[in-house]
Amino acid sequence: MSEVLVLVDEVDGEVKKVTFELLTAARELGEPAAVVVAAPGTAAKVKESLAAYGAAKVYVAESDDVPGYLVTPKVDVLAVLVGAASPAAVLVPATAEGKEVAGRLAVRTGSGLLIEAVGVESAGGDVVGVQSIFGGAFTVKAKVNRGTPIVTVRPGGVEAVQAPGAAVEESVKVPEVDAAKATKITGQEPVVGGDRPELTEASVVVSGGRGVGSAEKFEVVEKLADALGAAVGASRAAVDSGYYPAQFQVGQTGKTVSPQLYVALGISGAIQHRAGMQTAKTIVAVNKDAEAPIFEIADFGVVGDLFAVAPVLTDEVTKRKG
Amino acid sequence: MPNIVVLVKQVPDTYSERKLSDADHTLDRESADAVLDEINERAVEEALLLKEAHGGDVTVLSVGPDRATDAIRKALSMGADKAVHVSDPALHGACLLQTTRVLAAAIGKVDGVDLVIAGNEATDGRGGAVPAMLAEVLGYPQLTHARKVTVDGSTITVVRETDTGLTHLRASLPAVVSVGEKINEPRYPSFKGIMAAKKKPVETYTVADLGIDAAEVGLAGASTSVLEATPKPPRSAGTRVEDSGDGGAKIAEFLVGQKLI
Ligand SMILES: Cc1cc2nc3c(=O)[nH]c(=O)nc-3n(C[C@H](O)[C@H](O)[C@H](O)COP(=O)(O)OP(=O)(O)OC[C@H]3O[C@@H](n4cnc5c(N)ncnc54)[C@H](O)[C@@H]3O)c2cc1C
Ligand SMILES: Nc1ncnc2c1ncn2[C@@H]1O[C@H](COP(=O)(O)O)[C@@H](O)[C@H]1O
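In order, the protein sequences belong to chains A and B.
With full-length UniProt numbering applied, the first sequence covers 1 to 322.
With full-length UniProt numbering applied, the second sequence covers 1 to 261.
Simulated from the structure, these hints should not be mistaken for lab results.
Cβ coordinates follow ideal geometry from the N, Cα and C atoms, glycine included.
There's no promise every hint is true.
Non-contacting residues of chain B with respect to chain A, defined by C-beta distances greater than 12 angstroms in every case (computed) [claimed, not checked]: (1) GLY55; (2) GLY79; (3) HIS92; (4) ASP111.
Distance windows between CB atoms, simulated [unchecked claim]: (5) VAL241/B x GLY242/A: 30 to 36 angstroms; (6) PRO233/B x GLY41/A: 49 to 55 angstroms; (7) SER171/A x ASP33/B: 50 to 56 angstroms; (8) GLY139/B x VAL11/A: 27 to 33 angstroms.
Put together the whole structure using the sequences plus the hints.
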């Protein structure tokens, strides 16, 4: 069986859930081989969890240059492996960085690029990517005609399932950086993740919109989220008004989420917001305007003041859990 | 004095219904209103701010059908100096790789380019890849997802903002930059700007003009092909109640019924 390369997404040795989703997807196409391109010492920290999700092999490409340069060290390593291992496909997380890595790799190896897949299949010898486009309005299946299929897979698109893998290590040299073409990283200010689940990984998301009214009052959204074990999201209007940080924006130009449950508080439900959340299994909305478009797609809607409704719901949820 | 090329794309308006054509699963450009992608207005704005600070020329570049001239005119009316439009029926259904090659070739037609500025991600395909791919083809450093751009002589520094946080970047010109949604507020074209835009030069090229074989671009030569496209049935509204003090409790009941709590 041929190998399927999976670019590992990790932060300080902690593997992101999307990596496990990719390893799961890779099993549809061949034998998953995880690729760790990181600072020295990283592979030792991540190997065990990669094995737990079926990585047959772990390519280890470690160098101090990796955290020092943007995107290109990962492309360099993957390009070497595409040449050496002739993989059936390369799967990369559809994150800001992953999309760029995949794009450059496609150029460098003359390969077709499938973007934002929510699943992969093997059909008649072809690698087929399943895509959900225009905010979930269409499901598209596409294949690659040339080179090694390179697929970016959307976080949360595939459900991660454990499977034992041998995780046999093989080291790979990180090619020399070409300083003239590379971008130096001179500093990092990572966002400090709180205790809440990540937006794209959460099975429940509670979002607040302009109706929340201020940054302080977002506490009402957070309290409900914590009672439900949910991630917190925000509309663009809430982000633009400074109520909540940009990385929590849901929608056309923010995150796409497909949780089991999405709760919208004080969000009108503009088409661009819906584009990021309308594939949620169940949608609940609270809005004081009975005409708000969010009610057109809500499975359960309450016309009312979110400051009256949300705290009661928080109490009810806490009671039932306690 | 950086000469800047700004990449602008005309996309279906996110406010209208977006569709794929039944015939070949390409974007149905007739069904939706077409607009200059909002992120590209921010790219143009950033180019104009740099021009105001350092001088140089701002050239708008778009690869797209004839009607993309509307998007180009909008960018010119904001204050860009001139434009290049690559329009060719052969480009119908081009993939990301082909689009990138055409963009790179067209950039080659502009004199002394120091900086290419794009949007970080188009609202139609959400590829988020073209700026990085272009950097790969041109052999330029990429400084993408910019929240802040500073040019000092031949050095460019950018504060990149993504989900993972802020990253400080530094490289030498020439370079490719892509801008994020929070970088600036684009200016509105003034009446004077709109009038002036009508007289600004727009050079139009076919792919042959760029030295590219028409058979290499477009649907037939694309590196990916769509096998099938299925529209999803729209969601329908469920239950809606008025709150009379019991709204929260009713949601809780609903969630229990759905086994969600
Ligand atoms: C290119 C483009 C991309 C975009 N991308 C995104 C995106 O990614 N994400 C996104 O969200 N938007 C996006 N937008 C913006 C979008 O069009 C809307 O402007 C935005 O979603 C509105 O946010 P909102 O619902 O919070 O605010 P509003 O539309 O102002 O709605 C606020 C709602 O709160 C209700 N309300 C007020 N007070 C209360 C209360 N006390 N209790 C209950 N309800 C209350 C009001 O009735 C109203 O319905 C984009 C727009 C464009 C053009
Ligand atoms: N056909 C095109 N013509 C001009 N610019 C483009 C084109 N396609 C993509 N771009 C640029 O690349 C950015 C990112 O696009 P994408 O990678 O497709 O999400 C856009 O915001 C544009 O600046």
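Here is how each hint holds up against the structure:
Residue-level check passed: GLY55/B sits 24 angstroms from the nearest beta carbon of chain A, beyond 12 angstroms. Under the 12 angstroms C-beta cut-off, the non-interface status given to GLY79/B relative to chain A holds; the minimum distance is some 24 angstroms. For HIS92/B, the requirement that its beta carbon stay farther than 12 angstroms from each beta carbon of chain A is met, with the minimum near 16 angstroms. With a closest Cβ-Cβ approach of about 21 angstroms to chain A, ASP111/B is found to remain outside the 12 angstroms limit, as its non-interface label requires.
Checked against the given bound of 30 to 36 angstroms, the beta carbons of VAL241/B and GLY242/A, roughly 32 angstroms apart, stay inside it. Between PRO233/B and GLY41/A the CB atoms are about 50 angstroms apart, so this pair conforms to the stated range of 49 to 55 angstroms. Taking the beta carbon of each, SER171/A and ASP33/B are about 54 angstroms apart, inside 50 to 56 angstroms as hinted. Checking the proposed 27 to 33 angstroms range against GLY139/B and VAL11/A shows it holds: the Cβ atoms sit about 30 angstroms from each other.
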